[in-house]
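Asker: Top line first, the protein sequences correspond to chains S and P.
For the first sequence, our numbering gives the first residue as 1, with consecutive numbering after it.
For the second sequence, our numbering gives the first residue as 66, with consecutive numbering after it.
It is worth saying that the hints were derived from the structure and are not from the lab.
Heads up, a few of these hints could be off.
[Claimed, not checked] Distance ranges between label pairs, derived from CB positions:
#, chain 1, residue 1, chain 2, residue 2, range
1, S, C44, P, E71, 20 to 26 Å
2, S, C44, P, L220, 49 to 55 Å
3, P, E71, S, L40, 52 to 58 Å
4, S, E38, P, W92, 33 to 39 Å
5, S, R23, P, I187, 45 to 51 Å
6, S, K2, P, I75, 34 to 40 Å
7, S, C44, P, S145, 26 to 32 Å
We put the CB at the ideal spot given by N, CA and C, even for glycine.
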Amino acid sequence: MKKASVNQRECVACGVCEKNCPRQAITIFHGIYADVNEDLCIGCKRCQKTCPASVIQVVLKEAAS
Amino acid sequence: MKKWNEYLWIFSAVYMVSGFFNILFAWIGLICFITPLLLSIIGKGKIYCNSYCGRGKLFELLGGRLKLSSNRNIPAFIRSKWFRYGFLAFFMTMFTVMIFSTYLVFSGTDNMKEVVTLLWAIKLPWNWTNTSIVSPWIAQFAFGFYSIMLTSTILGLITMFFFKPRSWCVYCPMGTMTQAISILKFGKKAK
């Protein structure tokens, strides 16, 4: 199933993805980077489309449920 | 029902316009400098950027709802550490220069200049405000601070237009600072 994956090294933690996520699957970890809860993520790509830094990719994750 | 913080773009817009009427309103902008720093120092991370930044909301409105953004991906170098921290260093240098010129006016070495400097180079005469009601250094700081706010708003609008609405957030010096404070406080690897 496809899930959002954040390049946390380059994430600027602006919170745009968190705000746009329809499932509240993204939280900003202590103002440092965006963290995706893969159990909640439905791979809708809304975060990928809105991320101003373009550090989110929705990719195929085999281990995810 | 929309939450109150969704209307914070009004604060940002009114602030930018108020500087055209009376430069002394520029002092109010210190709120946008002090609040994010305090919030990250007490451990709230980048909650200011995430929820309360008026400028961020303004770019979301203009670039998102009003579709003034071309929604392209930002060039990778802008999100690199070198660029972000380099821009922060440049910004802080300019801020220090501004504080120093305020000091020169305060100490009487220099005269107050009724000028707003755009993009660190273009000097716009801004002499329609009666600044005689305050000490010259208070007015000098207002001119310098408004120059910074206007310049950064224009940079933000340009990147909003060419890239995604909140592209300014990628290299915003306040965002870089609050993220750096958060990293110092919590460490990058902690979970």
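Asker: Now, for every hint given, state plainly whether the structure supports it.
Answerer: Each hint, compared with the structure:
no.: 1; hint: S/C44 / P/E71: 20 to 26 Å; result: holds (22 Å)
no.: 2; hint: S/C44 / P/L220: 49 to 55 Å; result: violated (31 Å)
no.: 3; hint: P/E71 / S/L40: 52 to 58 Å; result: violated (23 Å)
no.: 4; hint: S/E38 / P/W92: 33 to 39 Å; result: violated (46 Å)
no.: 5; hint: S/R23 / P/I187: 45 to 51 Å; result: holds (46 Å)
no.: 6; hint: S/K2 / P/I75: 34 to 40 Å; result: holds (38 Å)
no.: 7; hint: S/C44 / P/S145: 26 to 32 Å; result: holds (28 Å)
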